[in-house]
Amino acid sequence: RKEVEQDPGPFNVPEGATVAFNCTYSNSASQSFFWYRQDCRKEPKLLMSVYSSGNEDGRFTAQLNRASQYISLLIRDSKLSDSATYLCVVGLGNAGNMLTFGGGTRLMVKP
Amino acid sequence: DGGITQSPKYLFRKEGQNVTLSCEQNLNHDAMYWYRQDPGQGLRLIYYSQIVNDFQKGDIAEGYSVSREKKESFPLTVTSAQKNPTAFYLCASSSGHPNEQYFGPGTRLTVT
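Heads up: the sequence lines are chains A and B, in that order. In this text, residue positions in the first sequence follow our numbering: the first is 20, and each later residue adds one. In this text, residue positions in the second sequence follow our numbering: the first is -8, and each later residue adds one.
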């Protein structure tokens, strides 16, 4: 079983749609959670951290469910520019502050 | 401009040659990391360093070596012992608190 699992997609949605991605993690000791965005052939960029209380940044909302060990990302009013791969990332908060990356979910927003 | 730089962007080498990838940051971050990404796959940790003159193996360290002589710099050498070196190599750094990591633009290495 992978430590961080995501549906690879692709999710094909029309502009203006709402789309949600889920991610599950296996280590219950995980302490930090993030969503990164990666454009084709580019480096990952931090989209948002995910807090226990949930958090929102414009059209993006992230939720964490520690009991079920899953993280979600909701994108409202999708734009063409949202097309990318979204990486779910989990940290143990261990000495090395290492992060474990999911394989990513690919989103394609169509006109 | 604060950030992480990696050079070169593309690198081509013949099998059997060692090659060193550069990573420099001016964010004053203590921790630095090297990952490799293969097509359609997630990032895998090669090496990391939390402080100057100290580094630790990640999940796939075999065939790689690193050094951390300066806080700003964390070069990665891909040796001839690495069986499948062709990949996208990403360097990242982190202040540790919070522990988000920030990435350089990556080096795409092709070995033939």
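The hints are simulated quantities; they were obtained by calculation from the structure and are not laboratory data. All residues carry an ideal CB built from backbone N, CA and C; glycine is no exception. Heads up, a few of these hints could be off.
[To be verified] The calculated BS3-like cross-link candidates involving lysine-lysine, where the alpha carbons are at most 27 Å apart (straight line), are: (1) A/LYS98 <-> B/LYS62; (2) A/LYS21 <-> B/LYS74; (3) B/LYS5 <-> A/LYS64; (4) B/LYS62 <-> B/LYS0; (5) A/LYS64 <-> B/LYS0; (6) B/LYS5 <-> A/LYS61; (7) B/LYS62 <-> B/LYS5; (8) A/LYS129 <-> A/LYS98; (9) A/LYS21 <-> A/LYS98; (10) A/LYS21 <-> B/LYS62; (11) A/LYS129 <-> A/LYS64.
[Stated by the list, open to error] Simulated coverage check for chain A against chain B, where a stretch passes if three residues somewhere in it have a Cβ under 8 Å from a Cβ of chain B: (12) 58 to 68; (13) 78 to 85; (14) 101 to 112.
Evaluation of the provided hints:
{"no.": "1", "hint": "A/LYS98 <-> B/LYS62", "result": "40 Å, violated"}
{"no.": "2", "hint": "A/LYS21 <-> B/LYS74", "result": "23 Å, holds"}
{"no.": "3", "hint": "B/LYS5 <-> A/LYS64", "result": "31 Å, violated"}
{"no.": "4", "hint": "B/LYS62 <-> B/LYS0", "result": "22 Å, holds"}
{"no.": "5", "hint": "A/LYS64 <-> B/LYS0", "result": "17 Å, holds"}
{"no.": "6", "hint": "B/LYS5 <-> A/LYS61", "result": "24 Å, holds"}
{"no.": "7", "hint": "B/LYS62 <-> B/LYS5", "result": "31 Å, violated"}
{"no.": "8", "hint": "A/LYS129 <-> A/LYS98", "result": "8 Å, holds"}
{"no.": "9", "hint": "A/LYS21 <-> A/LYS98", "result": "31 Å, violated"}
{"no.": "10", "hint": "A/LYS21 <-> B/LYS62", "result": "33 Å, violated"}
{"no.": "11", "hint": "A/LYS129 <-> A/LYS64", "result": "22 Å, holds"}
{"no.": "12", "hint": "58 to 68", "result": "holds (count 7)"}
{"no.": "13", "hint": "78 to 85", "result": "violated (count 0)"}
{"no.": "14", "hint": "101 to 112", "result": "holds (count 3)"}
When held up to the earlier numbered hints, the structure conflicts with 1, 3, 7, 9, 10 and 13 and fits the remainder.
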